[in-house]
Amino acid sequence: MAVPKIQTVCGYGCGSSLMLRMNVEKIAKANGYEVEAFCGDVGTCCGNDCDVIFISKELGERIEGRAKVPVVEFDNFMNKAEVEEKTLAYLESFGK
Amino acid sequence: MSDSIARDCVRTGVHAGTWQDAIRLAAAPLVERGSIEGSYVERMIESVNELGPYIVLMPGFALAHAAPGEDVHVSDLSVALLDEGVSFGSDNDPVRVVMCLACVDRESHIARLQTVAEKLLDDTFVERMVACGSDQELYELVNA
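Chains A and B are the protein sequences, given in the same order. Numbering-wise (my numbering), the first sequence opens with residue 1 and increments by one. Numbering-wise (my numbering), the second sequence opens with residue 1 and increments by one.
Since the hints were made in silico from the structure, they are not lab data. The model shown is predicted, which means the values in this text are computed figures rather than measured ones. Wrong hints could be hidden among the right ones.
Stated by the list, open to error - With a straight-line Cα cutoff of 25 Å, these simulated PhoX-like cross-link-like pairs (lysine-lysine) come out: (1) A/K5 to A/K29; (2) B/K119 to A/K96; (3) A/K80 to B/K119; (4) A/K57 to B/K119; (5) B/K119 to A/K68; (6) A/K96 to A/K26; (7) A/K26 to B/K119; (8) A/K5 to A/K96.
Stated by the list, open to error - Cβ-Cβ distance ranges computed for the label pairs, FRET-style: (9) A/E36 to B/R33: 17 to 25 Å; (10) A/K68 to B/D105: 26 to 34 Å; (11) A/K5 to B/L121: 39 to 47 Å; (12) B/D105 to A/K5: 36 to 44 Å; (13) A/K96 to B/G34: 33 to 41 Å; (14) B/Q114 to A/G43: 20 to 28 Å.
Heads up, the beta-carbon is just placed ideally off N, CA and C, and yes, glycines get one too.
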């Protein structure tokens, strides 16, 4: 089965996107999903190969219309309930 | 194991009038110990001006950072507990805890940030940081 490649994105790809990536990996693992997650920055994320982009709501507006893959926006990267709900919704839909 | 955040990079009772000051004051220990140059501090502020207050990751908590650059000498972290909340123009205002992250590249700081991030996943962690009465208490909490 294909493993979804998730790009978590913040301004520079080294701070908050890492927090989100860790959250996503944790949730996927706890629910028995295999994922490949990596960090990206808002400037270059649309050029990176991935199946989906996870991004904050504010930055999401900046890549609107440019992203070639689905974009999932988050109000709060560290809100467990929100990250879990949106991550699982994506993982369940992946490959269907 | 070394500390996630060094003792002299943890400060409580910090008074900031604006979010810009809050970032400058939180980053001051990193400048003092030579981990970053002052220009990195200004880049963190510029980043909020340019990209918006998404660095306010959760209610009451901001993770200030900017892109790696020549003005970062050592990957490092600092944290400041503000005596009064400051507005960043975010839904998660007011901010009481500002953490500053400096990275020489995208990978070297990950283990330390990861340790801190795991703590932040606990919904009560920001509250517990805010409740700290001294630098020592906050230092022990973030490195527990």
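We went through each hint and held it up to the structure:
1. A/K5 to A/K29: holds (14 Å)
2. B/K119 to A/K96: With Cα atoms ~35 Å apart, B/K119 and A/K96 exceed 25 Å; violated.
3. A/K80 to B/K119: Within the cut-off at roughly 12 Å; holds.
4. A/K57 to B/K119: holds (24 Å)
5. B/K119 to A/K68: Since the Cα atoms of B/K119 and A/K68 sit roughly 34 Å apart, the hinted pair is violated (cutoff 25 Å).
6. A/K96 to A/K26: holds (23 Å)
7. A/K26 to B/K119: holds (13 Å)
8. A/K5 to A/K96: holds (15 Å)
9. A/E36 to B/R33: 17 to 25 Å: Violated: the Cβ-Cβ distance is about 37 Å, outside 17 to 25 Å.
10. A/K68 to B/D105: 26 to 34 Å: Once the Cβ atoms are compared, 27 Å apart, the range 26 to 34 Å for B/D105 and A/K68 holds.
11. A/K5 to B/L121: 39 to 47 Å: violated (23 Å)
12. B/D105 to A/K5: 36 to 44 Å: Violated: the Cβ-Cβ distance is about 22 Å, outside 36 to 44 Å.
13. A/K96 to B/G34: 33 to 41 Å: Violated, since A/K96 and B/G34 (Cβ atoms, about 53 Å apart) do not stay within the stated range.
14. B/Q114 to A/G43: 20 to 28 Å: holds (24 Å)
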